[in-house]
Amino acid sequence: MNRFSSIKNVLKFNRRFVLDGRVLSDSPMHLDLQNASFQRKIHVSLGNNNFHCCRLRQRKHLQHNFNRFLCSTNDLPQHFLVSLPALSPTMEMGTIVSWEKKEGDKLNDGDLLAEIETDKATMGFETPEEGYLAKILIPAGTKDIPIGKLLCIIVPDENDIKAFANYTPKQSTTVESAAKSSPEKFKAESSRTSSQQPETTQHSILPTQPAPVSSQIKSSSNARILASPLARSLAKEKGIDLSLLSGTGPGGRIRANDVLNASPQKSLDQPTLRSVDMIDISLTNIRQTIAKRLTMSKQTIPHYYLTAEIEINELIRAREQLNEMLKSENIKLSINDFIIKASALACLKVPQVNSSWQETFIRQFNTVDISIAVSTDSGLITPIVFNAESKGLSEISNTVKTLAKKARDGKLQPQEFQGGTFTISNLGMFGVTNFSAVINPPQSCILAVGNTENRLVPDTEGKPKASKILTVTLSCDHRVVDGAVGATWLKQFRQFISKPFSMML
Numbered sequence: 001m002n003r004f005s006s007i008k009n010v011l012k013f014n015r016r017f018v019l020d021g022r023v024l025s026d027s028p029m030h031l032d033l034q035n036a037s038f039q040r041k042i043h044v045s046l047g048n049n050n051f052h053c054c055r056l057r058q059r060k061h062l063q064h065n066f067n068r069f070l071c072s073t074n075d076l077p078q079h080f081l082v083s084l085p086a087l088s089p090t091m092e093m094g095t096i097v098s099w100e101k102k103e104g105d106k107l108n109d110g111d112l113l114a115e116i117e118t119d120k121a122t123m124g125f126e127t128p129e130e131g132y133l134a135k136i137l138i139p140a141g142t143k144d145i146p147i148g149k150l151l152c153i154i155v156p157d158e159n160d161i162k163a164f165a166n167y168t169p170k171q172s173t174t175v176e177s178a179a180k181s182s183p184e185k186f187k188a189e190s191s192r193t194s195s196q197q198p199e200t201t202q203h204s205i206l207p208t209q210p211a212p213v214s215s216q217i218k219s220s221s222n223a224r225i226l227a228s229p230l231a232r233s234l235a236k237e238k239g240i241d242l243s244l245l246s247g248t249g250p251g252g253r254i255r256a257n258d259v260l261n262a263s264p265q266k267s268l269d270q271p272t273l274r275s276v277d278m279i280d281i282s283l284t285n286i287r288q289t290i291a292k293r294l295t296m297s298k299q300t301i302p303h304y305y306l307t308a309e310i311e312i313n314e315l316i317r318a319r320e321q322l323n324e325m326l327k328s329e330n331i332k333l334s335i336n337d338f339i340i341k342a343s344a345l346a347c348l349k350v351p352q353v354n355s356s357w358q359e360t361f362i363r364q365f366n367t368v369d370i371s372i373a374v375s376t377d378s379g380l381i382t383p384i385v386f387n388a389e390s391k392g393l394s395e396i397s398n399t400v401k402t403l404a405k406k407a408r409d410g411k412l413q414p415q416e417f418q419g420g421t422f423t424i425s426n427l428g429m430f431g432v433t434n435f436s437a438v439i440n441p442p443q444s445c446i447l448a449v450g451n452t453e454n455r456l457v458p459d460t461e462g463k464p465k466a467s468k469i470l471t472v473t474l475s476c477d478h479r480v481v482d483g484a485v486g487a488t489w490l491k492q493f494r495q496f497i498s499k500p501f502s503m504m505l
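Note that this note's numbering numbers the sequence shown so that position 465 is 465, with each residue one more than the last.
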């Protein structure tokens, strides 16, 4: 058997294999290999087959990266296809909030390429390859982009940027076809990505409404007007004729702000309707996730609620003394810091509360990871204080402040809000006396904390005394935590809060 026959026989069962430190394939699409470079490409004619080879720096197992593919075709130079990655385990779609680089920019390792809104938070997406940003295929503001959708093109050589000036996704093999040309293992691992990879299209930022016939006639004239896709979408939504606007962009190009600043135009082909004082707010990915998870929680988890009123006079005095001691370190403890610590210790005393329902079994956790509900402009998110039972009050205070700031700035990383074994939601700062919170699945309990009230209560001799009273409500999953167990947890929590020095024992 000659050399070519041997190669042909191997390829009968393997679409790609490693031979003497090279990767050989019958497809011009090559998976990007870690520590690999396209130093040369060899075409060997064997009947109807063309084989392509790239040399590896080191011989090692192929390592796949589903977010980028290194390609080379007869029409286009070497380039990386960068698709939307899954930035959280539950992410199915994403929104491009902004591009931090523009076409033609140099990309270095670790550079922020784009801001992407997931179902959990807005996150930075770092460039997966060094090189130059040759083409942006999905504009900023585009919503509901499925995982695996082609986002942009990166080229290693600055001189190759111009080759992609008029690039459209149809000119190159898609991520899905790359998966088809790879080994069977890669097919299995990337099936979720490839099944969600549609043809690359421009998504409208605003939902499209059925257009009247007259609007369809106008669209042909608007198509000849120099305007951005977002400006066209907004104009269609607001019923504005682009031909009546003057653009402020380069060459008179109409931009989104030109449409937003334009006076509403009355359409003659639509009936006059009574003006309704309302506004429709489009849903963000985070808001949709909150709605889905909390609806599921109330529909599938049998909630019950236990409320307790706790005197915290000693806690307030202890807090004042500790803050005086920590003044030189610029640390100021809050009542919420004590609540986090007390909750974690109570979970150690009553571990059934620090558990989750798993359908066929109950999972009990050995460490207490406290999720803290934080309200942001885009919705509710719950960053986590991990191992709260082993942290001191000052460390808890610093951790909470850091997480809350990152949450409001949209800078939380997935590992900072995924997981958690127990949740605390505190609305006391808003003057709320008490409330019942919805359980954060798959957790089994959540503690709702109200504000502190001044009350007259009887002392040990029956005489009235002024006291600070804190009201808390524990929401429990009855599948995991029975009523007596929930009450026992509240009893332990009351002891730690009313006698804060007992947390040192």
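One or more of the hints may lead you astray.
Computed list of lysine-lysine pairs in PhoX-like fashion (alpha-carbon distance at most 25 Å, straight line) [to be verified]:
#1 106 / 332
#2 391 / 406
#3 162 / 102
#4 411 / 102
#5 292 / 349
#6 238 / 106
#7 236 / 332
#8 391 / 332
#9 143 / 298
#10 327 / 405
#11 406 / 292
#12 292 / 411
#13 463 / 499
#14 405 / 391
#15 463 / 327
#16 411 / 391
#17 349 / 491
#18 238 / 332
#19 238 / 391
#20 143 / 292
#21 106 / 411
#22 405 / 349
#23 465 / 101
#24 327 / 349
#25 391 / 491
#26 468 / 101
#27 468 / 499
#28 332 / 463
#29 349 / 236
#30 238 / 327
These are computed hints drawn from the structure, not numbers from a lab.
- Are the Cα positions of residue 463 and residue 499 separated by 25 Å at most? Holds, because 21 Å separates the two Cα atoms, which is no more than 25 Å.
- Item | Agreement of residue 292 and residue 349 with the hint, judged by alpha carbon distance not exceeding 25 Å | violated (33 Å)
- Verify the proposed pairing of residue 106 with residue 411, using a straight-line Cα cut of 25 Å. holds (24 Å)
- Are the Cα positions of residue 327 and residue 349 separated by 25 Å at most? Roughly 32 Å separates the two Cα atoms, so the pair is violated.
- Message: Tell me if the straight-line CA distance from residue 236 to residue 332 falls inside 25 Å.
- Response: violated (53 Å)
- Message: Please verify whether residue 349 and residue 236 have alpha carbons no more than 25 Å apart.
- Response: Outside the cut-off at roughly 61 Å; violated.
- Query: Does residue 463 lie within 25 Å of residue 332 when you go C-alpha to C-alpha?
  - Reply: Distance of about 34 Å is beyond 25 Å: violated.
- Query: Is the hinted pair residue 411 and residue 391 satisfied, with a Cα-Cα distance of at most 25 Å?
  - Reply: Judged against 25 Å, a Cα distance of about 23 Å means the pair holds.
- Message: For residue 463 and residue 327, compute the direct alpha-carbon distance and say whether it is at most 25 Å.
- Response: violated (36 Å)
- Hinted pair residue 292 and residue 411, Cα distance within 25 Å: Between residue 292 and residue 411 the Cα gap is close to 23 Å, so the pair holds against 25 Å.
- Query: Would the pair residue 238 and residue 327 pass a check requiring their Cα atoms to be no farther apart than 25 Å?
  - Reply: violated (56 Å)
- Message: Given the hinted pair residue 465 and residue 101, is their Cα-Cα distance within 25 Å?
- Response: violated (64 Å)
The structure fails hints 1, 5, 6, 7, 9, 15, 18, 19, 22, 23, 24, 26, 28, 29, 30 (numbered hints given earlier, in ascending order).
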